[in-house]
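A.B. asks: Residues per chain are reported as follows:
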Amino acid sequence: MSFVLDVFTVVAVAAGAFFFVAGTVGLLRFPDSLCRLHALTKADNLGLGLVVLGLLPQVEGALAAGRLIAVWLLAQLAGTTVTQLLARSARRSGPLA
Amino acid sequence: MTVAWAVDLGLAALIVAVAVATVTARGTFAAAVGFVACGLLLALAWVQLAAVDVALTEAAIGALTGMLLLGAAAHLHPTEAGMVAERPGVALRGAATLLCAVVTGALAIVVLSLPDPAPSLAPAAAAHLPATELGNPVTAVLMAYRAIDTLVEKVVVLVALLAVWSLAPDPRWGGRPGASRRRQRDDALAFLAQLLPPIGIVAGVYLVWTSADHPGGAFPGSTLLAAMWLLARMAGLVDAPAVSRRWLRIALVAGPVVFLAVGLAGFAWADRFLAYPDGWAKPLILGIEAAMTVSIAVTLAMLVEGPPERSLSPDAQRAAGERSSSGLEPEP
Chain A
1380 MSFVLDVFTV VAVAAGAFFF VAGTVGLLRF PDSLCRLHAL TKADNLGLGL
1430 VVLGLLPQVE GALAAGRLIA VWLLAQLAGT TVTQLLARSA RRSGPLA
Chain B
56 MTVAWAVDLG LAALIVAVAV ATVTARGTFA AAVGFVACGL LLALAWVQLA
106 AVDVALTEAA IGALTGMLLL GAAAHLHPTE AGMVAERPGV ALRGAATLLC
156 AVVTGALAIV VLSLPDPAPS LAPAAAAHLP ATELGNPVTA VLMAYRAIDT
206 LVEKVVVLVA LLAVWSLAPD PRWGGRPGAS RRRQRDDALA FLAQLLPPIG
256 IVAGVYLVWT SADHPGGAFP GSTLLAAMWL LARMAGLVDA PAVSRRWLRI
306 ALVAGPVVFL AVGLAGFAWA DRFLAYPDGW AKPLILGIEA AMTVSIAVTL
356 AMLVEGPPER SLSPDAQRAA GERSSSGLEP EP
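If you're matching them up, the sequences are chains A and B in order.
Residues 1380 to 1476 in the working numbering are what the first sequence spells out, letter by letter.
Residues 56 to 387 in the working numbering are what the second sequence spells out, letter by letter.
It is worth saying that the hints were derived from the structure and are not from the lab.
Heads up, a few of these hints could be off.
[Stated by the list, open to error] Now the in silico label distances, taken between C-beta atoms and shown as ranges:
no., chain 1, residue 1, chain 2, residue 2, range
1, A, 1417, B, 294, 34 to 40 Å
2, A, 1381, B, 153, 56 to 62 Å
3, B, 137, A, 1468, 23 to 29 Å
4, A, 1434, B, 155, 39 to 45 Å
Ideal Cβ placement from N, Cα and C applies to all residues, glycine included.
Input sequences plus hints: build the corresponding full structure.
C.D. replies: Below is the structure:
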């Protein structure tokens, strides 16, 4: 059972890392601000979400698991808000910003 | 070579790279962002060194200083092009480089020439921990063994706020700091500012409360509280209080006053300044920390707000406007 959980952890965290790398590549390569923000949100939502999901079987107790999920939810909340604010500012300052 | 070793090496390399990028950045905004990133990486480094208390403080200081620096960068923005054009001469730049190299080199020599194992007071701090009834040796150092340092530190932060306030022009003295902000409809920031503070306030109070036995502390906790208030302020949900308000000033001095009072009472009950009576150390320390949390949170929030910029009453504001439009100096 623990072997299966370990495999699950490795697969999920690796998938999360993949989204972080993809988001970073997008941040560096995409042509304008809105596209770059789009790439970044993938790292935040899916990347961090998959890392947290992968780590859940490794923690002891529901409280620690809840804490991990809370970290993911708070990062989502902050990331979404900042993305909104940046996108609004980018739209106001024109397409080249 | 283990994985942990590779992580440490990567982290150290990243810190140096971000630090170099921050120093060599051309724009002040880029430099401020680099500084914030550097602070975050340093916090991770402290976690790797198992110094979670220091990591929390570093993260708190990094976020707070970052906000101050970003504000300063925004103020400097109109004049920045001129400043970049006026590049200092080779001699000045050479002298600055030399100074930085000497400081860095001296620090490196000191650190590398430490005896192995390095001299440590950690066993002594741990040995006397039961006397303080605390479980966290860092809090014992801050609030008992070296309480005088902590007391002076809090007073210094307060003096810094006074220095910021003293930048106010005379007609604005006693008024509200910062620009007024109006709440925007359907604003994402307002949504965050309504959703996050309940969580942030609980987390901030928890950090203070838990610091008796676990990593935490009054400083990170109050930084979190100040951040929650600043968030609501940025979203236009609350306004900054006028600096002449009595409750504000009482909140600002409450922490140092309580700390000083307990310290002076130490003469009566334990024959020494800042000594705690037997069996009362923990409640007294938590009491001081509670009062300090209020004071530090208010001080930090007001530090970010800056000097008073808006006059106290509409009448005074109008009077100040007339004076400036007629070109007369404000009355001393």
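A.B. asks: Confirm or reject each hint.
C.D. replies: Results for each hint:
no. : hint                         : verdict
1   : A:1417 <-> B:294: 34 to 40 Å : holds, 35 Å
2   : A:1381 <-> B:153: 56 to 62 Å : holds, 58 Å
3   : B:137 <-> A:1468: 23 to 29 Å : holds, 25 Å
4   : A:1434 <-> B:155: 39 to 45 Å : holds, 41 Å
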